[in-house]
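A.B. asks: One-letter residues, chain by chain:
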Amino acid sequence: MSLIKKSNQLGKAIDKQEDIHPFAIPFLWLGKKKVIDNFIWFPFSGLILMILIGFLYPQKHPAPWDVVPGSWALIGFVSYSLIVLCAKPLTFLLARPESYYGEGGLLDPEFSVENVEDGHD
Amino acid sequence: MSSMSLFPQWIFEQGPAFLIVLPLLMGAVTAILPNRSMAWWVTFFVTLICTYTAFGLFQHIYFDGFLLYTMGGWAPPHGISLIVDGLSAPILLLISVMAMLTVIYALPSSISEIEPKKRAPFYAAFLICFAGLMGMVITGDAFNVFVFLEVSSISTYVLVAMGAARDRRSLAAAYNYLIMGSIGATFFVIGLGFLFMETGTLNMAEMSAILSELNGGTRVSKVGYGFIIVGLGLKIAMFPLHTWLPRAYAYAPTKITIFLASTATKAAIYLLLRFTFTVFDPSFDYIAVMLKYLIMGAAIVGMVLASFQAIFQSDVRRVLAYSSVAQVGYILLGIGIATSSGLAAGYLHLLNHAIIKGCLFISVGAFWYRFGITRVSDFSGLFKTMPLTMGAFTLGGLSLVGVPFTAGFVSKVKLILAAAEQEMWWAVLVIVFSSVLAIVYIGRIIIVAYFGSPPKINGSTFIKNEAPFMMLFPMWVLGLMSIAIGVNAFGIGDGFVSASEIAASVLLGGRG
Amino acid sequence: MIDILQINPGIWLILSGIICTLVPNGPLTQLTRKCLVIGAPVFTAFMITQIFTSDIVVAGLITIADIELTTLRIDSLSMVWGYLFCLIGVLNGIFGLHEKCRITDSSALIYSGAAIAGVLSGDLLTLFLFWELTAISSVFLVWRGGEHAYAAGVRYLALHVLSGVILLIGAVIHARFNGGSYVFNHIGLQNLGGWLILLAIGIKCGFPFLHMWMQDAYPKASITGTVILSAFTTKMAIYTLARGYVGTEILIYIGAVMTCFPVFFALVENDLRRVLSFSLNNQLGFMVCGIGIGTELAINGVVGQVFVHVIFKSLLFMSIGAVIYRVGTAKASELGGLFRSMPITALFCLIGAGSIAAFPLLAAFVTKAMIISSVIYEAHHNSVLYLIAAMLLFASAGVMEHSGIKVPYFTFFSHDSGRRVKEAPWNMLVAMGLAASLCIFLAFPWGGYQMLYDLLPYEADYKPYTVDHVVFQLQLLFAAITAFCILKKSGLYPAEKRSEILDFDWFYRKCGFHIVKSINRAWNALDARLFSTTRDVSNSINRRLYGVFSPIGGFSKTAPSGLSAVMTAAMLILVLILVYFVR
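Residue numbers (this note's numbering), protein chains in the order written: chain A, 5 to 125; chain B, 569 to 1080; chain C, 17 to 599.
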């Protein structure tokens, strides 16, 4: 019963897909799959460019690691990957059901997209 | 000296005799008066005049010191002498003031307590009792002490028995009191006999001089002192000899309870002081032993056990009666310490306790007068029905416990200091412990009265029903007096303290 | 006549907060309250301009029982916090205009007033007073979050009151070592007092292992509540650190650890407000570290960082708050694709995210660079600090991850959750717009950041916009984004899952709770046993006492006269024995 009700509400929500904010209409391309798939080229080209400029203008107060060209890029990349790769073991170690402390958890919306497959792409 | 001008000169000359003779004579007159309200008026004026006279004498010895009055001009040791000094004057004043306040209270209360035709004899007995107490205190002749003791005692038996109109148990109580009182008086007179054998005189000053010459005397005087102290112990209600007191207080007419509680035991304590410290001398070794072991022992045991007994009583007047036994313990403790500060503290507590107990018994009498209740459980909601009376009761109760800014606090602190001076820490402990017990037995009553709800009569809550003015007046005089002593308003507190110090100096050294 | 210039300006806010509490509810008074909420901070800022006429103003001297209190001290350091708190007070007021809640309004006013009064106080006792007041007034904001926030609020209150108590003890000890002077200047760690005060501050600004209250309470508060809370408490603590512990070496390491560990927690956390709370903790780490370095450059960096941080952090909390207001949740697993319906909010959120990640031309760039530079400059003398600098860089990448990418991405982009809601209310948009423009303005290379630098306590000749700074910062950020794209594509980036993430507070919320519970159970058992024993004992004592002393008891039975007479005789014998034989 409750599931039906939930999906009805969701249905309503999807029906309103057309009420997109007027300001957002010129930017709808951001949600296109093609754009998302190829978005990587924007930061990647920026990265290459910055590494190249980094050769021309080295650090004025270099740290020991600045002998490597593109050092901050390296730090950024490695750190970021390291952090994200930590997520799996951390989730395994630390994640518990939301009702773990028995205090009612955090705010929930009126209906959840969690159990409805259609909501995800 | 300005206040002395309020009193005519004859008071200082004839006052001491006047204090005994007037009530005795008027007692006889009152007994034959046909008109009952006239009996009250006569009694009232006698007590008023006596109060006035006693106050004059009190003022006089304050400024001029010791006053010796010789009956009929016969000088001691052959004649009878009356002594007013720093020891007796405050007690005289106390007795007459309490008598006057009791008489004021008696006007409404005797309507419900005494049969109309017995009222004139009642007032006569009251006056004779009053005269006896005054005589006990003022006389300088040891045998006269016995006479006045008997005068006051016999009239007291009558007065207690008059409670029969209200409660038949008063007859048994009076009978018991009579037996015990007579034993006490007998012991006392036997003791006097021994003393007469030893010294050959009945005048106290002479006795004292001879005894100190003999350095305490032989076994005869020792035995004499033993009999005297047991005889007086009965009158004082010293702890194991107190058994007559609770019933006498509980079943006597309320006004007699008031009068007895605040004066009779006090006069007897006065005699104990007089004999122990001025006739005998605490420097005699047997007196010192007696003070140290008997008086103080009885005091300590009495303070604790009687307080426990008070806690478990269901009748408020018995609670207060046992409390009186405990408070006598405080006074005896001060006497037993036997230093000037100890004696002053004991004497001060004597005066304060008379005031406090007077206040408490008057308010309890007012409750009885309005509702006919004396049981603790019946006090429920009394604060709402009789707020003024309950207020006075609360003042008295707080003072009895020894809450700061009350009379009880002043004398208990002095007592604790006196004990601490002698490094008797156990005594300090017992005083504090007994005060805690006092909190329990007084608090029990006050809590019921304040937090209980008034009883319902015919489905409607009882409305306010305050005591008459003639009862409210004496109880508030005494209640406010105890506060005045506590906060030293108008110098009253200092006056009491200095009176007690003068009394202590009289006891310990000469006739200052 | 009291000179109003002698009064700590925070008092005006507290007063208006009290007025808010007292005015009854109603449409007109609602307007009055809102006027007060926005007007009072403006007035307070005006009062600060009136008072702050020379380099250091000391006023409001009160002597109580031989202790001289300096209730008002404004100098170049505390002035920054004073203005900042007034500014953020106005922004928060605008953000909360729609909310018809007396408690929020008055509590926000008293709370911000207490924070301002605290930073403008010149002695430790006045500080303690307002320290506790911030705790007590702000807990109502947590409780406004609803029933589930109650326990968190209690924990929050308990820890903060405890912090205040520790501060007071520390202050007393510290004053004893300083000849009874409570003046609040450099404290240091010379004595136990210094350590205790540091501990108190540590609780307030979330040192590792003392930080849990932040991630516990902030996400559970009401929408406006979180925004207000995030601005004051921790920043007040940073002020006290900057005042009392400049150059204390231990702070460098504490700060470095503080920047790194929240990164991991923020990564796996599903609740976006909690992610932002971890991010707040991480930002505080940068500031603590800078204070530990203690050079003029570092302090300038810290003060500047505090100033811009409050703005962009509020901006981020506001944007997530707007999302909660419309959608009803801040769980990343429930959100996504919201840019279609809330594009303006999304834009502001991106500006805030860019600011916190320190993109050039956005706020944090001009200040965080100062802190990292100061660490690297100092590292020339002490090479351990290179490790610290590396940790800070690692943490910068972490900031990029959780605040720069995760928050906006999962809220506004990512997969479309299908939720179509209205754009945020106008007042929220105005508040966010103001904050966003400040983020841009304060980092504007031509005349913008110079104004920020003018506020700083020391002469700032630092140039943030040199080519190498910009280039290397962009290297870091672009590398991070590239890594994100690669990981996302390869499916290594974890999907958001609904879960409760354990943190150090597990030790008292679960472990401690169980210990207390089992102690309680044991105690109850013992207590029942004890109770029955004591009841039996006291009953029997009572019975005996009653048996002895009561009217029916043996002791006070109506003693027959004969017995009394025998008693008297016994007494006489006792007396005679005493008289004769005892010496």
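The hints are simulated quantities; they were obtained by calculation from the structure and are not laboratory data.
We put the beta carbon where it would ideally sit given N, CA and C, even for glycine.
Among these hints, one or two may not hold up.
Claimed, not checked - Facing chain B, a subset of chain C residues (Cβ under 8 Å, in silico):
(1) Y166
(2) H202
(3) A581
(4) V582
(5) V591
(6) L594
(7) Y596
A.B. asks: Are any of the numbered hints broken by this structure? If so, which, sorted upward?
C.D. replies: 1, 2, 4
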